[in-house]
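Mind docking chain U on chain G? Use the hints.
Taken in order, these protein sequences are the chains called G and U. Residues in the first sequence are numbered consecutively from 1, following this note's numbering. Residues in the second sequence are numbered consecutively from 1, following this note's numbering.
Footprint (simulated), chain U over chain G, 3 or more residues, beta carbon under 8 Å:
# : stretch
1 : 95-106
2 : 280-293
Covered stretches of chain U, as calculated for chain G (at least 3 residues, CB under 8 Å):
# : stretch
3 : 43-52
4 : 78-89
5 : 103-112
6 : 115-121
Rather than coming from a laboratory, the hints here were simulated on the basis of the structure. C-beta atoms are modelled at their ideal positions from N, C-alpha and C, and glycine is treated no differently.
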Amino acid sequence: MIKNRWPSLVWIVIVLVSLVVGAVGCAGTTTQTPEAAQPAGPTSPAAPATTQAEAPAAEQPTAEAPTQEAQPADKSSITIVIPEDPPSFNAIVGDTGYDALVMNLVLLGLTGVDPDGNIYPELAAELPSIENGAVVVDESAGTMDVTWKMRQDIKWADGKPVTADDVVFTWEAIMNPDTGIWVRGSDYVDSIEKVDDYTVTFHYSSIYPGYLTQLGGEQLVVWPAHYCDPEQGFVAWDCASNPLSDGPFIMKEWNVGDHLSFERNPTYFEAGKPGIDEIFVRIVPEETVRKQMMIQGEADVYMWATETVINDLVTAPNVKISTTPYGRWVMRLFPNEASKGSTDPQASQHPFLSDVRVRQAIRMAVDVDTIVNQIFLGYGKPIWTEFYRKPYICEVPRPVYQPDEAKKMLEEAGWKDTNGDGYRECSGCTTAKEGTPMKLSFYTYAEYGEPLQLTQQYIADNLKKIGIEAQLNTFEGSVMWADPDSGGIEQNGDFELDLWDDGYSSTDPTDFLWEIYAAEAATPGNGWNIVRWKNDEFNTLLGEAYTLDEAKRKEIFCQMAKILDEQAPVILMFSTVNADAYSNRLEGIQSNINDLVTWNAADWKIIP
Amino acid sequence: MGHYIARRLIQAVFLLFLLSMVMFALVNLAPGGPLAGHGQTRRVRPERVEMLKRQFGLDKPLPTQYLIWLVGNDWMNVDTNGDGVFEEHGTRKGVLRGDFGFSFRTRKPVLFEIWLRLPNTIYLMGVMLIVSLLIAIPVGILSAVKQYSGFDIAVTTFFFAGQAIPEFWLGLILILVFYVWLENPITGGPLLPAGGMYSIGSAYPIADRVAHLILPVTAGALGWIAWYSRFLRSNMLDVIHLDYMRTARAKGLPQRLVIFKHGLRNALIPLVTMLALDLPYVVTGAVIVETIFSWPGMGRLYYQSAMDRDYPMLMAILILSGALMIFSNLIADLIYGYLDPRIRYD
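Chain G extracted, bound-state conformation:
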């Protein structure tokens, strides 16, 4: 019986093998179609031709396999792993970080920012300042002009020079109300003017201290005027997915969802750089797989290593971790001073979070060290002031973890456990009706994952110990931070105490401070002062901080630090780690708090 069936089984195997092979063969051609379709799509016709023409014969590895075999062996090539596709190469539009990662490889801004917060020129020949006469301030009118002198030795990959026309073109594309995008400082720029081929002047309507990264820093670059199509507009142009390079590398291929490949730009302006011939950026969604690829040596750079990833990779002999002394993202508690569902503390104040003593008591009750050491595995850094980063560091004494003092403070504020249920009620408080329970909803967001969930639970536990009952909930980021019309929890004030991380890139905290602490930003739909904290003294200082006098700014910021410390409108706890993992065969990798790890990709080398 069974023997009879053998022939059919053999056939099944044969059919199976041939089908798989057939499918593979077919797929070989189908997957090529997207690439073929990409240039044939809505791309400007010049684009693919240039990049393709520049790519050497290595494009067809199978055709000339035997002769080409030796070539790739000499080529130094590395692989970066990231979890999702960059939306494009235009980092300011997508704002995912993955776009900035690949943008750094191919495009240059006027300036960049190093890990210490020093701004350095890229396309600019030098940094404009009052001292070198490139920044002219009109004190009486409150305006200023910034003149950028550009390097004359930088060329696009098609041989055309990078000029002032490109700068003007880029700025005008950004400012187009139809297809542009809002960027920091754009409200202050009245106009832009080409002085000569390599000189351009920004006319500001007010004093703007962040002018150095106006067309530079982490997210903004200069785009080629002769290559990008202004009709398509800044946010959607095709040159953002098929960029013309003036940076250290040239994009060769983007197989969406799978990988991007880059090769050395032979005409890069810095002599002898970049030190690596080929970079592959592979899209690997699963964290465990990315980690294993690092350990197996298949991947060389792991962008954005979290605490748990570092913990797993730190023992691998072939992996190194680059980190900065502190992170950009500070985990914080946002106590809403207005009652839940309201955005106006004057009309409807929160029963207890509107009392500064309660906020201070909460700050004393949270055991930050335990969170940092146990949940964040020792990689977080306790932070208690906004001014912890270069160049603006202020001395503020660290709040001490003292739950007993916190309890005393709550008693003083008129919150006592009158019914013996372990939680406090209003008993002589000034901000609520007698008997109001000390109970609040406590939200955080889901995407960060387990460490943040544990932190939330631990903080709830801390609060319970001082008699505050917290009801926990988790939301998606797209719900938490949505605009008011889409039901954004923060914007609509639908919260009491929230936990999330925030911070700013680059070196100028002024805009950031305005966005989350200014009284004006407390109006719904006007900013992100979601705790609805208003302080006149702070607002005056904030207005004065828009100056170019660095000594004065430092002084102002430290006065602000004092007010924020006393008032505790937002309770800062710790910064999460800012780190990238890399293979020990590489050198020059340096994690950057102000930019993505590829900020200095031109300097990377493979250790011989």
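Just chain U now, with coordinates in the frame of chain G:
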């Protein structure tokens, strides 16, 4: 027959129209929105929100948004720069004219984005389905013919276990075993790749592609194999005990002929129907398998769009899978009628 198909097609159009309305409302009314910060920025400045709303067309009331999605806005004046003046015609053509809009995430036409992923998904899921059938059909027949035999119990247990194991766990275990633990004896590298569709610049492209298929197909096919083989087994068992089978055996036909010619043909009819109903999955892909094995397919695109609230992309994928579902139902009915003469439509 033609009459029947025409009626079903008209119904399908009506159904799709209703579906699109419900989907549009659900997608847009779900909590959260595409204007929230992701990744690098938590707080999107209100100035930017306003601009994005205009660019995405979210500044209009929902019914208007649906109308524009359906029939476009190139016949009406729109305010593109936010100055309150409705100065020029829009550029959207609407779904009815094949324009599904642009993705909020990449600002590229939605259909272009789908086109980039679709072949990859059909490739993976097609192979997965073929492999599943090639294993499930013989296993199903054997289990039925040799009911309660050692073989039957063994494969039943094995495939049930396979179906019960969550795909993500199985996927990671497969990677652990075949990528981390086992070595390729010739090259010394991992035995099988951890993911992706192919290695960049591989010397043996076909072998390389097969190697990249093995793990995702294994992880994804196990459930299908269990499902199809059990289904076929029970169909076979139903058929085996019917009178005509006994007749066939009684008139002296060899067992092989009885099983294959008289039994299997009848037992396969419901399976073919089920297969037709499963066809949409071949196009919409598998989120978990694609995520774990870094496969650039539709499942991941859908998941990402949902997370980012990329409404046009979500709508396109939902409508596409809705249409496929309706269409494959029709196909299933037609095939059933063709294969089983007892069923006739008019």
